[in-house]
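Protein chains in written order, with our numbering: chain A, 46 to 553; chain B, 46 to 553.
By construction, these hints were calculated from the structure, which means they are not laboratory data. Predicted model, so just to flag it, every value in this text is computed and none were measured. There is no bait here: all hints are sound.
If several chains are the same, the list does not tell them apart, and a pair holds so long as it fits within one copy or across any two.
For lysine to aspartate or glutamate, the following EDC-like pairs were computed, each having C-alpha atoms within a straight-line distance of at most 16 Å:
| # | residue 1 | residue 2 |
| --- | --- | --- |
| 1 | K355 | E482 |
| 2 | K64 | E448 |
| 3 | K62 | E526 |
| 4 | K64 | E490 |
| 5 | K64 | D353 |
| 6 | K64 | E485 |
| 7 | K355 | D495 |
| 8 | K355 | E490 |
| 9 | K355 | E485 |
| 10 | K519 | D187 |
| 11 | K62 | E490 |
| 12 | K259 | E537 |
| 13 | K546 | D223 |
| 14 | K64 | D495 |
| 15 | K523 | D187 |
| 16 | K519 | D178 |
| 17 | K64 | D524 |
There are 2 protein chains.
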Amino acid sequence: MARDTTRRRKRERSSAKLKQLPRRIITNLYSPIAVLSDDQIESIHEASLEVLENLGMKVLSDQALDLLAAAGADVDRATSQVRFDRGLITEWVAKAPSEFTLHARNPANNVPIGGNRIAITPISSTPNCSDLDRGRRPGTYDDFCNFLRLAQDLNIIHFLGGYPVEPQDLPVPTRHLDAYYAFATLTDMAWRTYALSVQRCIDGINMACIALGKTREELAREPAIMTMINTNSPLLLDGPMADGMIEMARAGQAVSITPFTLSGAMAPATLAGALAQQNAEALAAIAVVQIAAPGAPTVYGGFTSNVDMKTGAPAFGTPECTKAALAGGQLARFHGLPYRSSNVNTSNAVDAQAAYESEMSIWAAMMGHANVIHQGAGWLEGGLTASFEKMIIDAEMLQMVAETLMPIEVNNDTLGLDAMAEAGPGGHFFGTAHTLERYETAFYEPMVSDWRNFESWEEAGALDATQRANGIWKQMLKDYEQPAIDPAIDEELKAFVARRKEEEKAAV
Amino acid sequence: MARDTTRRRKRERSSAKLKQLPRRIITNLYSPIAVLSDDQIESIHEASLEVLENLGMKVLSDQALDLLAAAGADVDRATSQVRFDRGLITEWVAKAPSEFTLHARNPANNVPIGGNRIAITPISSTPNCSDLDRGRRPGTYDDFCNFLRLAQDLNIIHFLGGYPVEPQDLPVPTRHLDAYYAFATLTDMAWRTYALSVQRCIDGINMACIALGKTREELAREPAIMTMINTNSPLLLDGPMADGMIEMARAGQAVSITPFTLSGAMAPATLAGALAQQNAEALAAIAVVQIAAPGAPTVYGGFTSNVDMKTGAPAFGTPECTKAALAGGQLARFHGLPYRSSNVNTSNAVDAQAAYESEMSIWAAMMGHANVIHQGAGWLEGGLTASFEKMIIDAEMLQMVAETLMPIEVNNDTLGLDAMAEAGPGGHFFGTAHTLERYETAFYEPMVSDWRNFESWEEAGALDATQRANGIWKQMLKDYEQPAIDPAIDEELKAFVARRKEEEKAAV
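Make a model of the complete structure from these sequences and hints.
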């Protein structure tokens, strides 16, 4: 109990230095934007069932094929092709819960996933990182840890969606051990395991048990980690990913499944077609998870965007990407599943393009009731670079839309007729009692935005938003304090990592 | 007829050089985002009726006071204070039409105002302008004309909302004559008159008659110009503005009325209060218009934003501004009136802040079913500067949201099951018949966004979005061709301007 209090106080202290919204789960009480009619949702769903029934899905995992065959799917062992009866698919998918909670080392950071709640993760899985001082470069463990420190102190971030940047200076076979150790100690939020191998999942589950002081059985009842799987669109489920997600689901941990349906390349060049394929692939993979572990927490992911038809280059934050993100939410709710979307853009610089493409994604995610906004802060270059400045600007943009979701209070007090009488025609409201009462809390206060007039702004150095963000993340790193951790837990995590490294070395 | 064809061809030719969406009226078939419940709308409306009944509004025009007194309002001549019976207000406001069409010199550019249609105007009424080459400077007639040329060639712009920048090098008494001449000849869209004096409105009406080849009676039946009025919040209606709008309404021309309810300064520091005051002021001014000319086309404007409580500086594109813009649409529809919103921001540079604050405004306007997005393209610095680069970036952002409003087509063809069969598991869609058929038109093609990979982008000079926008507007000015005009009409306009300038000179 005493430990918890210290931990929370530390958190508040370190966050207090940057003026930001308080840490809270975002709830969207407005109706989601509906870009599809009920009939259209039905048509897309029917088309995806037809795809699964007639074309089927290639599944490159013997374990998954065994499970599917036993459950009644039509499995062709020679081609690894699986065809799904539409009745069975629906039955399996229905076993997934519509909501669950992801548990953090600090219970104050537990995250409900589902309903009209929105949880946000920072950037993940990029090879490069960049900042205004050092430019673009391959990621290192040092950069990796700095992104975690920022994520820990940005209240708009709810849990970790993966390696913010790949720590390329660490050896591949044991990289995940150092990464998970940093997740568990530099932050006190829930985190992600990588399902690139079963072993990485097992290590993640064991380290989560240690960090949260729980047995595997306890962790199974209270999931603490999530893995993010994608299908290899079109219609292919990779072996290690399938095995990894089965491992996670059987341990009661969360699995988020996102088809990579890039319209025009990995999916039809029409949104209806790309969405039908997205839906087919997601349902097939969710079925595998639910056959392996009925009731395991599962998230329906949408990542449909389009390519530049002239070059084949992927593009994000486009109008098509925006509509697909809104439609994806409608499809996920149709199945009664939590929905994952993203904050993406294609820009190579932290400029107006990065901001407006990201805004398209954020509005679609927030107003489409995404339950997880993955890649929420820091994404640049179509996901090839994690930017320190972009992370701060994303946090501001996310805060602004989150604040927009706070309903307007209408009552006698807020209608302020007395204030109008006090100010009088042509008068001013600065000095009214009504204004003075709410001076501190009336309006959103920005982190990055500069509202000074041109002259004052110019005199102060004429810094643009990206340059100001540069100052903010550096100050945040200076202010960062590691969240408290029971020394015995820290020791146990360290010992686990050391032992597993020895085992990996011996295996080589 | 022959003239019309030439004109349209010219328009197409000059626009064809920049890849952009075709010129069309934007229609939003999705439901507007509702930030207020029906009960809350009712409460805000009731509060504003109470304000008008008890506090009333100061009206600094004898003509307006006479009209109001004759119509049954409670007018105090000593204080110019008018109190409105709630039954009468509702009765007068109900006379305004819910939709109308603004007629352009080129009938292809006529703009329907109302319903679920969205029309966009460029920046207006800024003292300064800026671009990357010459920086920030007081506006000149040359800059003014260049902004008009861009507005004419950007398909996302539907009519002119005023002087894009104040032509400060022209003498004040006759400035409007040169400005209207430029409106009528450099563009073939509908335009705005300034109600800073009755004479400026009369000149505008006369010049619109000449430009469109219509009598005053014909123009009254088919309005061609709009004036944008604001109330001097709180609860004050300026004399020249009141007289100007009465003149316009009696000539059958459109009047847009926007209270300047800056929450915390000119309105209560609560959104409910600021909206109640906005509603009260708008209804009072609309009542004046409808008493003067029952049925005159009238637009309900919302411009509620907030100040920075620490400095008193106005802020735009904030979460409060966004919610107020959405709520304003609900209030306007409650009254059955067309709704005007804006594309605003507070940034001093064309940077990420300018983009994300503008996106907040654009999403609120588009998803709130604003019928007029005034200040749609070019706004910077809270409206103190018109930026050439921002105009291009705004056009891109507006196009992207407009394209997002185009519903997803769902049918057997777009569902693309054949394409999935052709590509096969793990295959590619580039070469499928389904993709090849729609190669040219499948996706939105950007004007400013650069989707190349980092290496190609860096090799091409690593230009950010603002630098690319700089190249685009300069190219557009090179490509610009003045829309065709009947030489007799041009002569008549010139003669009118010359005559009126002589009169003004004689009057001094």
